[in-house]
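Chemist: Take a look at the letters that make up each chain.
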Amino acid sequence: MLSTGLRFSLRSISRDWKSGELRVIAISLMLAVTAVTAVGFFTDRVGRAMTRQAAELLAGDLVISSPDPIRAEIRQQASDLNLTQAHTTSFPSVVLHGDNTLLTEVKAVSQGYPLRGQLKTARKLYGEVTVESNIPETGTVWVEPRLLTQLSLQIGEKLQLGRVSFEIARVLAYEPDRGSNLFQFAPRVMLNHADLDATGLVVPASRVTRHLLLAGQEATIKRFSTWMQQNTLPGERMLGLQDGRPEMRTALERAEQFLGLAALVSVLLGGAAIAVATRHYAQRQSDNGAVMRCLGASSSLLLQMFTLRLIWLGGLACLLGSVLGYLAQEILSSMLAQWFVLKIPPPSLWPIVTGILTGMVVLAGFALPPILHLRQVPPLKVLRRDLKLTTPSIWSLVLITTLVMLGLMWWHTGDLRLATMVGSGSILTIAILWLAASGLIKTARWLDQGSGMIWRFGLASLTRRSGSSIQTVAIGLGMMALLLLTLVRVDILEAWNRTLPPGTPNQFLVNIQPHEVKPLRNFFQSKGIPAPELYPMVRGRLVGVNQEQVGPDHYQNDRAQRLVSREFNLSWALQMQEDNRITAGKWWHDTSATEAGFSVEQGLANTLGLKLGDTMRFLVAGQEMAARITSLRTVKWDSFNVNFFVIASPGVLEHLPATYVTSFYLGDNQGEFLVELVQAFPSVTVLDVRSFMNQVRTVIDHASLAVEYVFLFTLLAGLMVLYAAIHSTLDERLQEAAILRSMGASKRQILKGITLEFMSLGAMAGFLAATAASLLGYFLATRMFELSYGFNPWVWIVGIFSSAAIVTAAGIFGVRSTLNYPPIRVLGRFPTK
Amino acid sequence: MPTTNNKPVITASHLHKEVTGPGGILTILRDVNLQVNAGSSTAILGASGSGKTTLLGLLAGLDTPTTGKIQLFDSDLSTLDEDGRAALRAGRVGFVFQSFQLLPGLTALENVMLGVELGGDITTSRVRALETLQQVGLGERIDHYPDQLSGGEQQRVAIARAFATHPEILFADEPTGNLDQDTGRQIIDLMFSLQEAHNTALVLVTHDVELAEHCGDRMLLDQGILEYHDA
Numbered sequence: 005m006l007s008t009g010l011r012f013s014l015r016s017i018s019r020d021w022k023s024g025e026l027r028v029i030a031i032s033l034m035l036a037v038t039a040v041t042a043v044g045f046f047t048d049r050v051g052r053a054m055t056r057q058a059a060e061l062l063a064g065d066l067v068i069s070s071p072d073p074i075r076a077e078i079r080q081q082a083s084d085l086n087l088t089q090a091h092t093t094s095f096p097s098v099v100l101h102g103d104n105t106l107l108t109e110v111k112a113v114s115q116g117y118p119l120r121g122q123l124k125t126a127r128k129l130y131g132e133v134t135v136e137s138n139i140p141e142t143g144t145v146w147v148e149p150r151l152l153t154q155l156s157l158q159i160g161e162k163l164q165l166g167r168v169s170f171e172i173a174r175v176l177a178y179e180p181d182r183g184s185n186l187f188q189f190a191p192r193v194m195l196n197h198a199d200l201d202a203t204g205l206v207v208p209a210s211r212v213t214r215h216l217l218l219a220g221q222e223a224t225i226k227r228f229s230t231w232m233q234q235n236t237l238p239g240e241r242m243l244g245l246q247d248g249r250p251e252m253r254t255a256l257e258r259a260e261q262f263l264g265l266a267a268l269v270s271v272l273l274g275g276a277a278i279a280v281a282t283r284h285y286a287q288r289q290s291d292n293g294a295v296m297r298c299l300g301a302s303s304s305l306l307l308q309m310f311t312l313r314l315i316w317l318g319g320l321a322c323l324l325g326s327v328l329g330y331l332a333q334e335i336l337s338s339m340l341a342q343w344f345v346l347k348i349p350p351p352s353l354w355p356i357v358t359g360i361l362t363g364m365v366v367l368a369g370f371a372l373p374p375i376l377h378l379r380q381v382p383p384l385k386v387l388r389r390d391l392k393l394t395t396p397s398i399w400s401l402v403l404i405t406t407l408v409m410l411g412l413m414w415w416h417t418g419d420l421r422l423a424t425m426v427g428s429g430s431i432l433t434i435a436i437l438w439l440a441a442s443g444l445i446k447t448a449r450w451l452d453q454g455s456g457m458i459w460r461f462g463l464a465s466l467t468r469r470s471g472s473s474i475q476t477v478a479i480g481l482g483m484m485a486l487l488l489l490t491l492v493r494v495d496i497l498e499a500w501n502r503t504l505p506p507g508t509p510n511q512f513l514v515n516i517q518p519h520e521v522k523p524l525r526n527f528f529q530s531k532g533i534p535a536p537e538l539y540p541m542v543r544g545r546l547v548g549v550n551q552e553q554v555g556p557d558h559y560q561n562d563r564a565q566r567l568v569s570r571e572f573n574l575s576w577a578l579q580m581q582e583d584n585r586i587t588a589g590k591w592w593h594d595t596s597a598t599e600a601g602f603s604v605e606q607g608l609a610n611t612l613g614l615k616l617g618d619t620m621r622f623l624v625a626g627q628e629m630a631a632r633i634t635s636l637r638t639v640k641w642d643s644f645n646v647n648f649f650v651i652a653s654p655g656v657l658e659h660l661p662a663t664y665v666t667s668f669y670l671g672d673n674q675g676e677f678l679v680e681l682v683q684a685f686p687s688v689t690v691l692d693v694r695s696f697m698n699q700v701r702t703v704i705d706h707a708s709l710a711v712e713y714v715f716l717f718t719l720l721a722g723l724m725v726l727y728a729a730i731h732s733t734l735d736e737r738l739q740e741a742a743i744l745r746s747m748g749a750s751k752r753q754i755l756k757g758i759t760l761e762f763m764s765l766g767a768m769a770g771f772l773a774a775t776a777a778s779l780l781g782y783f784l785a786t787r788m789f790e791l792s793y794g795f796n797p798w799v800w801i802v803g804i805f806s807s808a809a810i811v812t813a814a815g816i817f818g819v820r821s822t823l824n825y826p827p828i829r830v831l832g833r834f835p836t837k
Numbered sequence: 028m029p030t031t032n033n034k035p036v037i038t039a040s041h042l043h044k045e046v047t048g049p050g051g052i053l054t055i056l057r058d059v060n061l062q063v064n065a066g067s068s069t070a071i072l073g074a075s076g077s078g079k080t081t082l083l084g085l086l087a088g089l090d091t092p093t094t095g096k097i098q099l100f101d102s103d104l105s106t107l108d109e110d111g112r113a114a115l116r117a118g119r120v121g122f123v124f125q126s127f128q129l130l131p132g133l134t135a136l137e138n139v140m141l142g143v144e145l146g147g148d149i150t151t152s153r154v155r156a157l158e159t160l161q162q163v164g165l166g167e168r169i170d171h172y173p174d175q176l177s178g179g180e181q182q183r184v185a186i187a188r189a190f191a192t193h194p195e196i197l198f199a200d201e202p203t204g205n206l207d208q209d210t211g212r213q214i215i216d217l218m219f220s221l222q223e224a225h226n227t228a229l230v231l232v233t234h235d236v237e238l239a240e241h242c243g244d245r246m247l248l249d250q251g252i253l254e255y256h257d258a
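Going line by line, the protein sequences match chains A and B. Remember, the numbering used here sits 4 above the position in the first sequence when you count from 1. Remember, the numbering used here sits 27 above the position in the second sequence when you count from 1.
The shape of chain A in the complex, shown without the other chains (with noise of 0.2 Å):
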């Protein structure tokens, strides 16, 4: 039986697709597949580049960070694996030159470094900057722009390190691994590593950080990770790409959610091509169906040989959109590879199974439903016509094609919550969509009674043509897509973008004593610049939660060792910052309660398993302090505010020694304002971190540049349903306008009607389309990425224009052959009973 059935499916299905019929599904499923493993491929590589871009941040794919020199066996474990390597020294040391002293950050590289990213200096303070292929020579530093003002110091100068009199050869504007740490509160100075030794600083018991940096193959880092996982020493820590600054983190979620989201656009129209495309197909094979039936075929054999070709079709088809998917991504790439600072490295092969996997899905899912019905077409069909294949109920296929895309969309995203928030969108967009499709058919009855023949054939092909309110709901939905893609795309990205606007401060003042607060405001008003807000920041380091004493080990997770084992800012504040939102408790400033309490940012207290009401306690300067915690909040990190993990209620934290911090904007060409600050005011550190942000910021636009493009498939796949949609009425419309000529209707009376059935058609599905895109957009940009947005009219009118103007393209194009073909061909074709 099998045989048969792999038999009878094979055996017609050129003829088929010559015919038209598997066509339609064919370039639907290739057009989703190739969307999809052309997103899959993409993705893929854009995120290797984007993780290796992240990877600049530490200087390395992985940072094995130790007080103690780094033991052999680790060096050894990074040598069998081939790993790169690079060795970092950090230390705070006093330089001296004259009779001047200054604390800093002294960092002592070996060559290699870094093995991501690259260093970037001045040949004189605050002058051009070019990259860097080397170390410092031996015998010469780099050093912060603030160590040559804070010591009115030239390029050329000496200075004294330790035993050591260094030539500072260059002024060290960018540093890769710099914003792992960002409040470093000395300034760097860079040597090579051969001279370390010779300082005579560092001894067996100084308090230095070693760092080992290591890159290589992203399986062998996985490999190390997992053996230094297991060998690792008390002291010892290791930093992957995971554990980048806060922003970085959140730009790359971002940037994944925004590609995630591409992709299921694309599934989600490919599978609407397919429905629509399938259920003309089954409702012509059910003809066949009934032939056979009636030659003695078993509904066994039928459902055997349509659902085989289904996936001789789908197979071919898979594999040809893989092979589509990775030639458009190839092409992309290429195009996209001058805006990477990295070359993009090459795709894995996962996306094609990623794309095979999704286009069967798709198919069982949006195709098989009608295809299964094949085998309960009746016999009796054979005799009459007008008997109906019973397909599947509108609420089953709803249900099931729901649960396919729902699926679909968390295995695509891996996040059920955005899934199941596109997932409801475009429930709701059918919904609204199909009770449009029966107004438009009313509106359609009304306006047809007393028009003209044109109007009456125009109009009547909508309110009479069985799958009008489909094909509304399938044109409204592309339509939905590319005005989502396009408009409101554009709209999410602005208002993403604006969250690093112009203007967003790019310089942080800290260690500012309390004395200098009110003569620092000055300084600000006398220079023309608005005097930034200041806070308070007590360092302390957390001791106990309720009646528990805590430590590193306490905790399980990385993230959690590391905020334990650092000291935290602490800061007081009566009123909360303006981009803080509370999630739990109460700010004390809505609240009776005199106690004192603490504000924790939310993600802190998931990491270290805070809750409301429990105690911190901290240990500043000596002394114990403890609150409750009153109240949990987000914070905006990527607003480059200052920002406080713990904010203390007023009261708390006051009597102790506290320094204070600022954050300000100032323009490329304000330079100047920065040295004489320095001079004002020399024991006031300041952090130029326009590098770090422009890194920041390269990231967001390489991402949103990479959405933009991911989204160019997903808008083809928009067109395919529209193409779907047209193409599933052809053989009414054959016999419709053969009808009609044969009675005397000239072309052009013709091409008139079905010219206004598409425009009414397209108008109204932009109209919906514009709203629903609108809609969709506002709840994504508020509740998922948590943007604020602005309804854009031109959604509208664009909407409504270019549906009505693509819809009339695509419909002429799609049935210009009925305009032509002869109506005794099209009669015969359709023999009556």
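The hints are simulated quantities; they were obtained by calculation from the structure and are not laboratory data. Honestly, I wouldn't trust all of these hints.
[Stated by the list, open to error] Okay, derived cross-link-like pairs now, SDA-like style, lysine to any residue, Cα gap no bigger than 20 Å in a straight line:
id, chain 1, residue 1, chain 2, residue 2
1, A, LYS531, A, PHE512
2, A, LYS226, A, SER83
3, A, LYS392, B, VAL46
4, A, LYS640, A, GLN511
5, A, LYS392, B, PRO49
6, A, LYS392, A, ASP291
As the structure is a computational prediction, the values presented were derived from the model and not from experiment.
Position chain B relative to chain A; hints supplied.
Modeler: Just chain B now, with coordinates in the frame of chain A:
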């Protein structure tokens, strides 16, 4: 003349067929009784809408009566489900339809092979299909698709498909309805000569009295009642 014996191929007793339409219940067949013997030919005459196609569908097991019993070969059709009835037809029942009902995706040869293969003969299906196509005069057009053939040629392919399995009974529903007079005549000659050669029982449904005269028995279906018709 085919050899008729008294062995019945179909026996229909007290058939009633009612359908529910917009105007209520409509009776299409009333107490129809019929026997078709092996090798015989029976014409069922009737005007358009008289229910003759419904009767053909019931006799062939394509539909089920409201009441009454049909015995096809040795099986009571009411005891079989749709698949059981299909299995009973496979290879033993042939059809010729007014609208030919060829599968558009298959060539003439493949369309004929389809009937043989569904009858269970996989190994010699090609040879049998070729032979039959030659018998109907289409040996040169075996690789043509239905839309590349004229109406008469398509009906010849349908006849070849029906006879390639050497069926015990052939149901023909207005086989010349879509053909011009000359072609219709050729098709009828071909069909009857093959029916004779294969000793196949024939049930022919038509409104054409002249065509019905080719058959040994003629019956008239009028307002759902079947009676013998004497020209």
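Chemist: Sort out whether SER83(A) lies within 20 Å of LYS226(A), counting only the CA atoms.
Modeler: Roughly 15 Å separates the two Cα atoms, so the pair holds.
Chemist: Regarding the pair LYS640(A) and GLN511(A), is the alpha-carbon distance no greater than 20 Å?
Modeler: holds, 17 Å
Chemist: Verify the proposed pairing of LYS392(A) with ASP291(A), using a straight-line Cα cut of 20 Å.
Modeler: Holds: LYS392(A) and ASP291(A) sit about 10 Å apart, inside 20 Å.
Chemist: Holds or violated: are the alpha carbons of LYS392(A) and PRO49(B) at most 20 Å from each other?
Modeler: This hinted pair holds, its Cα atoms lying about 17 Å apart.
Chemist: Regarding the pair LYS392(A) and VAL46(B), is the alpha-carbon distance no greater than 20 Å?
Modeler: Given that 20 Å is the threshold and the Cα spacing comes to 16 Å, the pair holds.
Chemist: Checking one constraint from the list: CA of LYS531(A) to CA of PHE512(A), max 20 Å. Satisfied?
Modeler: holds, 17 Å
Of the numbered hints listed earlier, not one is contradicted by the structure.
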